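Protein chains: 2
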Amino acid sequence: MGCNLAIAGVTGAVGQEFLKILEERDFPFDSLKMLASIRSAGKKIEFKNKTYIVEELTKDSFAGIDIALFSAGASRSKEFAPLAVDAGAVVVDNSSAYRMEPEVPLVIPEINPQAIAGNKGIIANPNCSTIIGIVPVWPLHKANPVKRMVVSTYQAASGAGHSAMVELEEQTREILAGKEPTCEAFPYQIAFNAFSHNSALGPNGYNQEEVKMVNETRKIFDCPEVAVTCTCIRIAVFRAHCESINLEFTDPITPDQVRDLLSTAPGVSVLDDREHNRFPMPIDASGKDDIFVGRIRQDESIPENRGINIWVAGDQLRKGAALNAVQIAEKLL
Amino acid sequence: MGCNLAIAGVTGAVGQEFLKILEERDFPFDSLKMLASIRSAGKKIEFKNKTYIVEELTKDSFAGIDIALFSAGASRSKEFAPLAVDAGAVVVDNSSAYRMEPEVPLVIPEINPQAIAGNKGIIANPNCSTIIGIVPVWPLHKANPVKRMVVSTYQAASGAGHSAMVELEEQTREILAGKEPTCEAFPYQIAFNAFSHNSALGPNGYNQEEVKMVNETRKIFDCPEVAVTCTCIRIAVFRAHCESINLEFTDPITPDQVRDLLSTAPGVSVLDDREHNRFPMPIDASGKDDIFVGRIRQDESIPENRGINIWVAGDQLRKGAALNAVQIAEKLL
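Residue numbers (the numbering used here), protein chains in the order written: chain A, 1 to 333; chain B, 334 to 666.
Hints are computed from structural coordinates only; laboratory data are not their basis.
One thing to keep in mind: the hints can contain errors.
Each computed BS3-like pair below joins lysine-lysine, with the alpha-carbon atoms no more than 25 Å apart [unchecked claim]:
1) A:K43 x A:K59
2) B:K621 x A:K179
3) B:K376 x B:K392
4) A:K288 x A:K120
5) A:K147 x B:K480
6) A:K59 x A:K288
7) B:K392 x B:K621
8) A:K78 x A:K59
9) A:K288 x B:K376
10) A:K120 x A:K59
11) B:K512 x A:K179
12) B:K475 x B:K353
The model shown is predicted, which means the values in this text are computed figures rather than measured ones.
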């Protein structure tokens, strides 16, 4: 039982990760169409012992397509996703274009798979830092509702695309050679540095990455009253985000209860070895499917043992983007 | 009006910074004794057009010394600081050895210079991440008492000494050359990575760096009721720490009020340019005296406008260590 699959943005960092994950998970398809901008049209891509030729993404790309995985940026999603839906496809969109549309399900399969059923042709994939942060918070929230989350992120270059990962490496080489680092993909030096996330700032001073964390968490948890505040920072890491998450719960909770709840949670690996000071790192999470969680501690600054601190790491390109979208597509089949 | 000065641990990263800062600030001294472990004894150091020979730190090193700046590790401070005091010196100790001793003042000159007067021979310099975090919080706390702080740190390699800074560079070269990174100064890869602070963990799962932030903040603020929780993380940066700080105040406060209070605060530079998405970065703070503060936002997850988020960057070797100690010594003169 297969389907006719299309990938829009196949040559990008997430697009390439789509292919890896489809192969690893042996995603069943009858046909696969590889789409990208005209700049990449004509490129050849080997996939499962077959050579595919990248086609230009146009309004006519979606005839006969059942599922279209989009990761070509918000403006292309806005232009082409409705055309794909008109042609009969279900779109799983990795961009921010539709996430907050009330009629579009915003889905993390470990959290709200039931929302998929209500789709009207487009299903939105949440932002990477939202997914990585809240996959491990959800099982806790279900047991003991989270009242407030304070999140600080440590985000990898990959979130800004393949060119940003290359830039991290190139800048590092330049600095080690005593040269001035070249900044193109990022506005500021990323090598041996850290900076506030380079997304647009709203009038309240929060950047889009932070606003996404707040709004998407509430929508995915179907809990508009959960209070979230967030500071998003880029660090010199290639492809896994980390997050320091402070949680205030409704009722008392212990680190042991958190560890127990997370030990059986889908998509979560507990790595909380206090004896060896061994906790999640970006290099642990890179290339892995699970979100790694450690530094599980009682927050003694919240009364009545209602506070917990955790530290998480997750692959930005996998669970933060391509894997989550493929998991949604698997649910669609 | 000078003094007879000694530096214990002169060949370390902080010791070398002591010399830079003493020269920059034209610290008045009649004589200067450079002390280190036997391994470094005999080394020559040029300082202010004079050649000094590093002497071994021994029990007899402090005869005639008025002020001794210590940065030779906690065990050497425990052994030699009392001997220096017995010999008539005042010790400004950069280690953790005496910080929480009730009779030892723990001083940040911008915050509690009055505590210096009560010294009994030893004055403790706070931990780097404490200093960098709370210099900008103090002027806010004075205007509107802080009830709770949630801190996540982004700490540079320099906090683990010169060898850790070298290791960051060496590991980076190894990884770019496709080799396995060599871990000696740090237990885990620091290049292109991040990890939970490599200090000892207590039974509650907090590491020593986090415990310091909690206890030292309360002592320096002379406010045992301020609630602090902290997650300390190392990132791939050479010498400036950053911190994401969430503040809950007693009364309502606005970002404009915070900006106003910080704009005249000693030791603080506000860098909060929302229009250009330009906020403090480690490379801004490196080599600078001030703590840079930006991302000043209302935290809407705290009711009644009593919440503020800020993001700070400060040089770990300067204000985080050597500069603060020299400022204390200046107050002593």
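Hint check results:
With a CA separation close to 20 Å, the supplied pair K43 (chain A) and K59 (chain A) stays within the 25 Å bound. Taking the CA atoms of K621 (chain B) and K179 (chain A), the gap is about 21 Å. The hint holds against a cut of 25 Å. The straight-line distance between the Cα atoms of K376 (chain B) and K392 (chain B) is roughly 20 Å, inside the 25 Å bound, and the hint therefore holds. Straight-line distance between C-alpha atoms of K288 (chain A) and K120 (chain A) comes to about 31 Å, which puts the hinted pair past the 25 Å bound.
The hinted pair formed by K147 (chain A) and K480 (chain B) meets the criterion: a straight-line CA distance of about 18 Å does not exceed 25 Å. Proximity of K59 (chain A) to K288 (chain A) is assessed by CA-CA distance (about 35 Å); at most 25 Å being required, the pair is judged violated. Using a Cα cut-off of 25 Å, the hinted pair K392 (chain B) and K621 (chain B) is violated, with the two alpha carbons roughly 35 Å apart. Distance check on the hinted pair: K78 (chain A) and K59 (chain A) sit about 12 Å apart at the alpha-carbon level, within 25 Å; holds.
A threshold of 25 Å between alpha carbons decides the hint, and for K288 (chain A) with K376 (chain B) the separation of about 49 Å lies outside it, so the pair is violated. For the hint linking K120 (chain A) to K59 (chain A), the alpha-carbon distance of about 19 Å falls within 25 Å, and the restraint holds. For the hint pairing K512 (chain B) with K179 (chain A), the CA-to-CA distance comes to about 23 Å; that is within 25 Å, so the pair holds. With a C-alpha separation of about 32 Å, the suggested pairing of K475 (chain B) with K353 (chain B) is violated against the 25 Å cut-off.
Taken one by one, the earlier hints fail for this structure at numbers 4, 6, 7, 9, 12, listed in ascending order.
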